[in-house]
Every structure is written in C-alpha cells, then in structure tokens.
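Trainee: Sequence:
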Amino acid sequence: MASDLQNKNEVNNNKMKESTLKFQKKYLMLASLGFVGSMLPALAWTQNYPLPTPAMQAIIDKDTSRHFGDAPADGGPLATDLSAELEPAVIEKVLRKVADWQLARSQAHFGRIWTSSVMYTGFMAASEATNDSKYKDAMLAMSQQHQWQLAKRLPNADDQSVAQTYLDLYFINKQPEFIAPTKGDLDTLIDLKTLKPGDDRLPWWWCDALFMAPPVWAKMYVATGERKYLDYVHTQWKNTYDLLYDKQEHLYARDVSYINKTEPNGKKIFWSRGEGWVMGGIARTLDYIPKDDPQRPFYIQQLREMSARIAQLQDENGLWHAGLLDPATYPLPEISGSALFVYGMAYGINRGILDPKEYQPVIARAWKGILKHVYADGRLGGIQQTGAEPAFYRPASSFDYGVGGFMLAAAELKKMVTVKPAK
Numbered sequence: 310m311a312s313d314l315q316n317k318n319e320v321n322n323n324k325m326k327e328s329t330l331k332f333q334k335k336y337l338m339l340a341s342l343g344f345v346g347s348m349l350p351a352l353a354w355t356q357n358y359p360l361p362t363p364a365m366q367a368i369i370d371k372d373t374s375r376h377f378g379d380a381p382a383d384g385g386p387l388a389t390d391l392s393a394e395l396e397p398a399v400i401e402k403v404l405r406k407v408a409d410w411q412l413a414r415s416q417a418h419f420g421r422i423w424t425s426s427v428m429y430t431g432f433m434a435a436s437e438a439t440n441d442s443k444y445k446d447a448m449l450a451m452s453q454q455h456q457w458q459l460a461k462r463l464p465n466a467d468d469q470s471v472a473q474t475y476l477d478l479y480f481i482n483k484q485p486e487f488i489a490p491t492k493g494d495l496d497t498l499i500d501l502k503t504l505k506p507g508d509d510r511l512p513w514w515w516c517d518a519l520f521m522a523p524p525v526w527a528k529m530y531v532a533t534g535e536r537k538y539l540d541y542v543h544t545q546w547k548n549t550y551d552l553l554y555d556k557q558e559h560l561y562a563r564d565v566s567y568i569n570k571t572e573p574n575g576k577k578i579f580w581s582r583g584e585g586w587v588m589g590g591i592a593r594t595l596d597y598i599p600k601d602d603p604q605r606p607f608y609i610q611q612l613r614e615m616s617a618r619i620a621q622l623q624d625e626n627g628l629w630h631a632g633l634l635d636p637a638t639y640p641l642p643e644i645s646g647s648a649l650f651v652y653g654m655a656y657g658i659n660r661g662i663l664d665p666k667e668y669q670p671v672i673a674r675a676w677k678g679i680l681k682h683v684y685a686d687g688r689l690g691g692i693q694q695t696g697a698e699p700a701f702y703r704p705a706s707s708f709d710y711g712v713g714g715f716m717l718a719a720a721e722l723k724k725m726v727t728v729k730p731a732k
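For the sequence shown, the working numbering assigns the number 310 to the initial residue and increments by one for each residue that follows.
Just to be clear, a hint being listed does not mean it is correct.
Distance condition first, Cα-Cα at most 30 Å in a straight line; then the derived DSS-like pairs of lysine-lysine [stated by the list, open to error]:
1) Lys-461 x Lys-547
2) Lys-600 x Lys-576
3) Lys-576 x Lys-537
4) Lys-402 x Lys-729
5) Lys-371 x Lys-483
6) Lys-483 x Lys-443
7) Lys-443 x Lys-402
8) Lys-600 x Lys-724
9) Lys-492 x Lys-556
10) Lys-570 x Lys-371
11) Lys-445 x Lys-461
12) Lys-492 x Lys-402
13) Lys-445 x Lys-556
14) Lys-677 x Lys-729
15) Lys-537 x Lys-556
16) Lys-729 x Lys-600
Derived DEER-like restraints, expressed as beta-carbon distance ranges [what the hints assert, rightly or not]:
17) Ala-364 x Lys-443: 34 to 42 Å
18) Gln-416 x Gln-458: 29 to 37 Å
19) Lys-402 x Pro-640: 25 to 33 Å
20) Gln-604 x Pro-397: 44 to 52 Å
Derived from the structure by calculation, the hints contain no laboratory data.
All residues carry an ideal CB built from backbone N, CA and C; glycine is no exception.
The task is simple: from the sequences and hints, build the whole structure.
Mentor: Here's what the structure looks like:
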C-alpha cells in the first residue's frame, strides 16, 4: 500500500512538473509575441549564485550595523501586484511602494553620510513625482536636525553630497541659511591648490565622486550666480575624465588602481554602480549648466557615449551585472547600477539628448527587470553592499543608496511618459 501510494505521488508530481513547464514555455512564447499583459509574475530567483566571501560578508555586516540596509538570506515573498506598464499612475504606484518602505526603515537613522545622501536625492525626486510633501518634509526635518552642515571630511566629495538636498530645498524655500554653511565650505575648497591629473590628491579621484560633488557645485552656481562654482566643476570633472575615462570602452575606471586590473575572464574591470554614478552625476549636473556654456557639449557627449555602451551590455533580463564585462562571474543582476542607468537614459530622452526610438526599449526592458526585485513589503533587493569593485551579494540585499537611485529612476521615468521630450 505504501509503495502504491508513493508511486501515485511520484506520478502526480511528475504531471505537475510537466504542467508547470508547459505553462512557463507558453507564457514566455506569448510574452515574446506581446500577447500577455505586463503584470509581473512573482517568481523567486532560482539561479545558483555565489555567496559573499568572508571579506565581502564583513562589509555587509558593517553596512548593516551602520543602518545602510541589510542582506537577509530570505527577504520574504516578492511583490505580485506590480506592473511594468509605462504609464504615469502605474510607475507612481511602484515608486510609492518602495519609497514608503525605505522612509519607514531609515528615518530614525538619517545622517550626513553619502549613502543616506544619495537616498535623500531620491526622496526629493519622489516628492516632486508624486506631489506628496511627506518625502520633502522628511528631508527638511533631516536638514534642520543637521543644521544644514556638511559632513567634515573635506575635501572628500562623499561628504559634500548631502548638500544636493540642502540646495534643492533652498530652491523651493529661498532661505539663505539653508545653503550658507555649504557655501562657506565650497569657498574654502576653491582656495585650496587646484590639483592636476595624476596627483593622488585630485579632489574627484574616483568615479563615484562625479555623482556626489558636481551637482552641489553646479546648483550653488545657480543659487548664487557666482561663476567660480561652475568653473570648479568644469576643471575638476575634466581632470577626472582625463584620469579615468577609457576612450575605447566609453566607461570609467573606478580609480587609477583599476585601470590595468582585469576580471576572471581577462576583460577590464568596469563596475556597474561606478558607471551608474557617472551617468547619474551627469543627469544631476547638466540642468544647472547654461545652454550656451562652451563646456556643456562635453557632458552631453559623455552621456551619449556611455549610454550607447551600457545599452550594448544589457542582459537578456534587461539588467546589468556588478562586473559589466564579466556577467558570468557575477550572475545576479545588480539593481543599484541598473537603476542609475535607467535614470541617466530617461534623463537623456527627456532633455532631447538621446533618441527615444533607440533607448525607450532599453529602458522598458530594464524597468521590467528591476521590478522583479521588489518584494511584497516594498523592499528593493539585488543591491550590492558598499565597495569599490564588483562583488557578491544576496538577492534580498537592500541598501539605502540603491533605493535612492531607484527613486530617481522612477521619477524620471514617470516624467518620460508624461512630458513630451525636449528638442
């Protein structure tokens, strides 16, 4: 009897597996032909992936202890109520879900470190995109708590990044005290010796810095009308470009120590999030550079070159991996870099820099892929811990800076499908 029952169960299980496989094949076939809706199936990540090494886990543990986020082995069920349809209300629903989760999780730990500061840029974008003041109000309270001060590792670009939010709030409220401390610190930096490429004291010596600092300086130029702040951006960005930009690959080395390093497959190391920082930095800066500025084409050309290269590296799921040129070594998609790519490309379309016919399909595939990493409670997974190079992480890994990039992407994406692109 037990043997008969076991055989019957095995037959039923095999039939269930066959039925599931048939459904999956039919679904994929119909999806490829455009005959199914855009509601995302909540399928857990089933691919085998390398676990973080002990050294990587130590970074994760440190990031968790500092309230940047966490990386649980199980993040719970994935969201089943999300759609990748590119409609304003649909995008806003996703944006609110993730933003609300992150706000509730992080608000008690708001600081001035760069990880939080990137998140703040996302909250400001979310407030504008949703017309919901709660995100902006939280940023105002944070700024008042810190008395509008920068963190004090000057001239470190990371510690300038919080002023992006101070300046955004200044543009809304026009209160001089919002930006006075930042202006004083920037003036001090201008008085320091201007450093040349190759000097290890170059202010923006790593590519991440191009997201953290230039928007602050460009916004300060608009806030004050003082050209010296914009001149500083042009000088220092060009120094970093000359130092780190690979003119064949159209990508940035993370810093000079990575220029000659290679991945296990022998190709150069280009870190997904690092390239995202640069594309996001261009998008965060360019609006504050006058249309007739002779340096403006320099930034536009970079965004075009990098967007074209990044589009070539998109995987079959619409996403990008921690090591852009060696996805086999890093099989999990990396969401912080992917979100920043969406942000940069959507920005480029919205400003008439990128061709919508060429880049909207890239963005649509990426957005659909990103949403498969949103959990039922609003957690955004697939975010690599802090670092300087590609690394391993868990599917549920979620950190504040990555969510900041996601919010920027969602807000810009909503704008893309709402407003006719500029010419």
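Trainee: Would you mind marking each hint as holding or not holding in the structure?
Mentor: The hints, checked one at a time:
Proposed proximity of Lys-461 and Lys-547 is supported: the alpha carbons are some 25 Å apart, at most 30 Å. Of the pairs offered as hints, the one joining Lys-600 and Lys-576 is violated, with about 38 Å between alpha carbons and a cut-off of 30 Å exceeded. For the proposed pair Lys-576 and Lys-537, the alpha carbon gap of about 40 Å is over 30 Å, so the pair is violated. About 21 Å separates the Cα atoms of Lys-402 and Lys-729, which keeps this hinted pair within 30 Å; it holds.
For the suggested pair Lys-371 and Lys-483, the alpha carbons sit about 38 Å apart, so the restraint of at most 30 Å is broken. Our distance criterion of 30 Å between C-alpha atoms is met by Lys-483 and Lys-443, whose separation comes to about 19 Å. Annotation: proposed proximity of Lys-443 to Lys-402 holds, straight-line Cα distance about 15 Å (limit 30 Å). Between Lys-600 and Lys-724 the alpha-carbon distance is near 21 Å, which keeps this suggested pair within the 30 Å criterion.
Distance hint between Lys-492 and Lys-556 is unfulfilled; the C-alpha atoms sit about 35 Å from each other, more than 30 Å. Of the supplied pair hints, the one linking Lys-570 and Lys-371 holds, its CA atoms being roughly 26 Å apart against a limit of 30 Å. Pair hint Lys-445 plus Lys-461 holds up; C-alpha atoms about 24 Å apart against a cutoff of 30 Å. With a C-alpha separation of about 37 Å, the suggested pair Lys-492 and Lys-402 falls outside the 30 Å cut-off, and the hint is violated.
Our distance criterion of 30 Å between C-alpha atoms is broken by Lys-445 and Lys-556, whose separation comes to about 39 Å. At roughly 22 Å between alpha-carbon atoms, Lys-677 and Lys-729 fall within 30 Å of each other, so this suggested pair holds. A C-alpha spacing of about 29 Å is found between Lys-537 and Lys-556, which places the hinted pair at or below 30 Å, so the restraint holds. Between the alpha carbons of Lys-729 and Lys-600 the distance comes to roughly 19 Å, so the proposed pair stays at or under 30 Å and holds.
A hinted range of 34 to 42 Å for the beta carbons of Ala-364 and Lys-443 is consistent with their spacing of about 39 Å. In this structure the hint that Gln-416 and Gln-458 lie 29 to 37 Å apart at CB is violated, the actual value being about 19 Å. Checking the proposed 25 to 33 Å range against Lys-402 and Pro-640 shows it holds: the Cβ atoms sit about 30 Å from each other. Roughly 34 Å separates the CB atoms of Gln-604 and Pro-397, a value that falls outside the hinted 44 to 52 Å.
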